[in-house]
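Q: Chains A and B, in that order, are what the protein sequence lines are.
Residue 1 is where the first sequence starts when you use this note's numbering, and the numbers rise one by one after that.
Residue 1001 is where the second sequence starts when you use this note's numbering, and the numbers rise one by one after that.
Quick caveat, the hints were computed from the structure, so don't treat them as lab data.
In this text, a Cβ means the ideal position worked out from N, Cα and C, and glycines have one as well.
Warning: the hint list may mix true and false statements.
Covered stretches of chain B, going by a simulated chain A footprint (3 or more residues, C-beta under 8 Å) [to be verified]:
1) 1049-1062
2) 1085-1096
3) 1173-1179
4) 1228-1242
2 protein chains.
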Amino acid sequence: MTDMRERAAAYVRELQDRICKALEDLDGGARFREDRWEREGGGGGISRVLEKGSLFEKAGVNTSVVYGEVPETLSGQLKGSGGEFYATGVSLVLHPRNPHVPTVHANFRFMTRGEGAWFGGGADLTPYFPHKSDVRHFHGTLKAACDAHDPAFYPRFKKWCDDYFYLPHREEMRGVGGIFFDELPADEAHFDFLRSAGDAFLPAYLPIAERRMGTPWNDRERAWQLIRRGRYVEFNLVYDRGTIFGLRSQGRTESILMSLPPQASWAYDHHPLPGSPEEQALAFYQPGNAWA
Amino acid sequence: MTDMRERAAAYVRELQDRICKALEDLDGGARFREDRWEREGGGGGISRVLEKGSLFEKAGVNTSVVYGEVPETLSGQLKGSGGEFYATGVSLVLHPRNPHVPTVHANFRFMTRGEGAWFGGGADLTPYFPHKSDVRHFHGTLKAACDAHDPAFYPRFKKWCDDYFYLPHREEMRGVGGIFFDELPADEAHFDFLRSAGDAFLPAYLPIAERRMGTPWNDRERAWQLIRRGRYVEFNLVYDRGTIFGLRSQGRTESILMSLPPQASWAYDHHPLPGSPEEQALAFYQPGNAWA
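Please work from the sequences and hints to get the whole structure.
A: Have a look at this one:
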């Protein structure tokens, strides 16, 4: 188990470096700021945040290795039994400025508690003006990474993502989904899969960002982006397990909440105009769409 | 009990009318839009929202009367026992545009479950550039309303407010507090107190808004307001019982979330400059300050 911990932590760090470098290259000038932090009960993390880039209004790519006693506030929520836990993972959220470039989230992690050990993670896309070709590319890239290991993975993890990134009080998803998986057994085959999924993030997202970053945008499109970012905030603060885990395990607040958008808005009872691109986007946010 | 229900519901509606009229007069032109909604399990509400006023960027003053079977998702969280509940209340959040005018929240309610019945409510102020005189006026007005009934009320309800409107992950309050109370016995004396507290809202808030609404403001002050509004969002979505009650009791989402600000922002690891007015504000957001 110690070996798997070290290898998972090493993969997580390597992926953080690789992703940050690719995002800096794409942004063309802006640089990630790095903060290293320690956790009182054991472990710590490396947070990297890029703000006010030309492409990314805010991008956070964090890693952490935390361990120690299971906090009382978390004991009932963590799978397994035993008083000691270990968790390592990389977690990222990218908020582009241009409303035509989708927001994206990904997370890949390894966790142990007592004798139990699991992999979890996933990646999901939140476009504001979705194009079918983009959504198909994102899902298709993740599907290929899944299919290389088990043809049952993609359908299962795609549905899991639809179910997870869902706001019951809005009756909509926060975006167009992707894949989500948790509590996969900590064997070599699933570690291989975790790395395939992690490695698929950049090829899944970068071509979409490159294709849309040159599209001009106006105030109306920005307003829609800010309203949808409000839904992103609602999801992360009300439902997201990673956020709740972080806040309750005495993680570093600024690292946990780096997922929140730089700006968001709420308009009372907002409904897009019939036939508008904003209204057409809503159909993309319904679960069960077949994209790949 | 039926009598108390009707009288509480009537007070709540009358207070809504009175407050909306005063806010429209103060804004000087903008009008509240009214939406009436029905709840599937029983009851409904009257939501009033004013957006893009000259003073208020967004103001919501809602009432509801909801009753029926206790939803399963709420059963363990509601005081008392029994399968039927009744709740009526007025709830308001005002988000002025000018960062020098404080945001304010108030709520006054009556609830029954089985044989039990209780009053609850309170009012709290969230200034972005706090002035001691304003905070003293707000607390002093609420204290006078409390003292007329029981000198023990204000100290108890002020501390309850400090404890309640607290963000543990930030180690700060969302504002400068006020009063908060819950589960007060449903007798005539406490109904009198509820009305005194409700009636004190306008005299507590209006003079502060009038005094500050003419103060010019700049982009830097607006940026601070938006960051603090982000904390408001964090509180409401992570900790606020009314929001959680509303979402879990199948209330109307747009009415529940009208408390969220029209715009908010999150800046990574933001710290005000030493000695700046923004930094001075932080001391106001610590619990335990004596204001009245």
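Q: Hint by hint, which ones does the structure fall short of?
A: Those not satisfied are hints 2, 3.
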